[in-house]
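Peer 1: The whole structure should be built from the sequences, with the hints applied where relevant.
2 protein chains.
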Amino acid sequence: MRPIAILGIGQTKIDEHWEKSLRDLALEAALAALHDAGRETADALFAGNMLSPLINAQNQLGALLADWAGLRNAEAVKIEAACGSGGAAFRAGLMAVASGEVESALVVGVEKMTDKAGHDVTAALATAADADYETEAGVSFVGLNALIMRRYMHEYGWQHADFAPFSINAHANAMHNPYARLHQRITVEQFEKSSMVATPINLLDASPIGDGAAAALLVPAGTLGRAAGILVSGSASATDTIAIHDRPEALFLTAAYKSAQAAYKMAGVRPEDIDLFELHDAFSIMGALSLEACGFAERGQGVRLGLDNEIRPQGRVPICTRGGLKARGHPVGATGVYQIVEVVQQLRGECGATQVDGAKIGMAQNIGGSGATVLTHILKAE
Amino acid sequence: MRPIAILGIGQTKIDEHWEKSLRDLALEAALAALHDAGRETADALFAGNMLSPLINAQNQLGALLADWAGLRNAEAVKIEAACGSGGAAFRAGLMAVASGEVESALVVGVEKMTDKAGHDVTAALATAADADYETEAGVSFVGLNALIMRRYMHEYGWQHADFAPFSINAHANAMHNPYARLHQRITVEQFEKSSMVATPINLLDASPIGDGAAAALLVPAGTLGRAAGILVSGSASATDTIAIHDRPEALFLTAAYKSAQAAYKMAGVRPEDIDLFELHDAFSIMGALSLEACGFAERGQGVRLGLDNEIRPQGRVPICTRGGLKARGHPVGATGVYQIVEVVQQLRGECGATQVDGAKIGMAQNIGGSGATVLTHILKAE
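Protein sequences, first through last, are from chains D and Y. Start counting at 1 in the first sequence, then tack on 903, and there's your number in the working numbering. Start counting at 1 in the second sequence, then tack on 903, and there's your number in the working numbering.
Read the hints as simulated data drawn from the structure, not as lab findings. Predicted, not measured: the structure shown is a model, and the values here were computed from it. The reader is advised that the hints may include incorrect statements.
Intra- or inter-copy, both count: the list cannot distinguish identical chains.
Said to hold, decoys possible - Pairs of lysine to any residue residues, derived as SDA-like cross-links and limited to a Cα-Cα distance of at most 25 Å, are as follows: (1) K1019 / A960; (2) K1263 / A1124; (3) K1283 / R1150; (4) K1019 / G1041; (5) K1019 / A1040; (6) K923 / D1149; (7) K1283 / A1256; (8) K1283 / A1124; (9) K916 / D1035; (10) K923 / A1040; (11) K1283 / Q1164; (12) K1168 / R905; (13) K923 / Y1036; (14) K923 / D1035; (15) K1096 / R1251; (16) K1168 / D946; (17) K1168 / G1003; (18) K923 / R1150; (19) K923 / A1026; (20) K923 / G1041; (21) K1168 / N976; (22) K1168 / S1136; (23) K1019 / E1006; (24) K923 / A1146.
Peer 2: So, in structure tokens, the structure goes:
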């Protein structure tokens, strides 16, 4: 495909935005991305969203957001892949520009989750699981991840406290990200004493929901903008069974592995070439499994990278440099676009206290379900 | 973009499929399309669906259907554009193959609507309207179309009975389509005496919901299959405001016009070159407005084509040759793919009593909302 670059990025703070509607949040991020690119409009809009039919009684977000963002009559559509919706929308926009059908694609991930009560949100999030074989049995989405975490601890001999570095790193990095949902440092003691959600997952293993939107403008590489474009040098998607019990191995994210391998191949890089990795730490166990699937650690040893201080911005494999899902927050359908935006910020050198020195190549991996839809993107300074 | 062809098609009968799950319906259509193409698998799957989060408690249909159809680990994603979801998924698959990222794309439109009570389905369908400015005011989706129809009758002086030919033609054609939901001829008298839904729209102005799935396999043109490939020679998408009151003209489908014009240009054809037109007759008024927007009739005169017998298979502008939404049925997120499948059947000369003689160029137009997302595709025998 023809080379594609990211010319502009935008994002809102992730919060409980009682004063803003779904479309207003999307607008704020979309206009910021257009402004950042020095553009007023785009040929097409690709919206990433998971929950608006269930939470906001709104479908057809493509048309809605295109109109609201000043792109009336433009091509627009919504992409849904549960919590992987943002990354999937980014890849859809990428293929649209690569096909030559459009010359610019505005990708907008948006989610407004706090308009409903907690139990409604929990039920809505459970649609990411297999309705007939998992949800029907009464298991929630966090419950499924708890089963995986428990099994991982059993198989590889880890204690719950061994996962603490993931959350501590995420919270520490979010302190320097004004768009993050949570601004509070945490300690190992707090991590261990946090309220239980679904044993062994407690509150500090789990990412917070929130309202937010992020956007990126895709154009053919070489196009001039305000800032230098960031090349999308690797892009790949892979899927797995939604139901975890259908997988040959419950503790290995096959789709993450396949998606990462394809992205590495396309970009011509190996894991050791990646300067930072924005991974999908919806729960701390997912951080460990992603590191393993993407070749940064042996199976069962992802936790070790945290214990060895390798995941901090100064470490060998910096992750969650802007707070990750854990502390930047997880507005589900928007998350994948936030990850892209954050990698761009790193490659532009805009991350201040959590800047990865000399970052040239960054990776973002967005996951729908417990590893059912995985999107991996590798970005390079143009 | 590189030329793309449809190598295989498949569909299920539209019905109340109490014995089949959402994934089973999709599987049946997907396997039929693969078999028709002489293939066992595809590189990627693009699912078109609107209501599964609301009706079936299931999101992430891309991964779910890819696994069920034997494409485990393949790239897969769901596209949603309300009732335009099927056409939007088809265009997403098209752009994926055109970009070179995949060499084959299986597009599957699926909807299972009869698992919930009628009022739940009505509420779910209302998510196609503008939640904040239309639905919040209490208007249903059929109610919005009723307002448009009433205004059209007022502006142009038509009577309700003038719309009868649309429904009569659709029902007559569906008699010869084994996959159609309704197999009953209707008369003008029945049309006039039918139960009122939302005045002036009565039961025979409105398409029936149903469970069903349709599929098409996209590959680069020139690829050999069981049957000759059908070229996708025009493809375009456009949007409009979802809220009808925001449009400068409530009685002209601007997005349908723009989408059709772009598709004509890409295909190098004009309206008079189109041998048949599978349009989006969710309500009879939408049939008239689509004919006008696409250049087959002057504004306010779409109804005339029905009264002049031009919309029958032997007419100048054959529409709904397999029954249309009105009688083939309208499983919302699947409908756009059914339209594509039916145009392919016509271009292959497989339509028996409703075959359009010498059909070489066919058009399908799929609409989300009351003209908010419009996908137009022009197909040619390769």
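Peer 1: Using 25 Å as the alpha carbon limit, work out where K923 and D1149 are close: within a copy, between copies, both or neither.
Peer 2: between (41 Å within a copy, 20 Å between copies)
Peer 1: Is the C-alpha distance from K1096 to R1251 at most 25 Å within one copy, between copies, in both cases, or in neither?
Peer 2: neither (38 Å within a copy, 68 Å between copies)
Peer 1: Within a copy, between copies, both or neither: where do K916 and D1035 come within 25 Å Cα-Cα?
Peer 2: Classified as between; 23 Å across copies, 36 Å inside a copy.
Peer 1: Under a CA distance limit of 25 Å, which applies to K1168 and G1003: within one copy, between copies, both, or neither?
Peer 2: For K1168 and G1003, the Cα distance is within 25 Å both inside one copy (23 Å) and across copies (15 Å).
Peer 1: Check K1168 against D946 for me: Cα-Cα at most 25 Å, and say if that holds within a copy, between copies, both or neither.
Peer 2: between (30 Å within a copy, 17 Å between copies)
Peer 1: Given a CA cutoff of 25 Å, do K1019 and E1006 count as a within-copy pair, a between-copy pair, both, or neither?
Peer 2: neither (38 Å within a copy, 42 Å between copies)
Peer 1: 25 Å Cα cut-off: does K923 pair with A1146 within a copy, between copies, both or neither?
Peer 2: between (35 Å within a copy, 19 Å between copies)
Peer 1: When Cα atoms must be at most 25 Å apart, do K1019 and G1041 count as within-copy, between-copy, both, or neither?
Peer 2: Classified as both; 20 Å inside a copy, 19 Å across copies.
Peer 1: Given identical chains, is K1283 near A1124, meaning Cα to Cα at most 25 Å, within a copy, between copies, both, or neither?
Peer 2: within (11 Å within a copy, 34 Å between copies)
Peer 1: Between copies, within a copy, both or neither: which fits K1283 and A1256 at Cα up to 25 Å?
Peer 2: within (21 Å within a copy, 58 Å between copies)
Peer 1: Pop the pair K1168 and S1136 into one bin, within, between, both or neither, using alpha-carbon distances up to 25 Å.
Peer 2: within (10 Å within a copy, 33 Å between copies)
Peer 1: Is it within, between, both or neither when you check K1168 against N976 at 25 Å Cα-Cα?
Peer 2: between (37 Å within a copy, 17 Å between copies)
Against the hints set out earlier in the document, violations occur for numbers 3, 15, 23.
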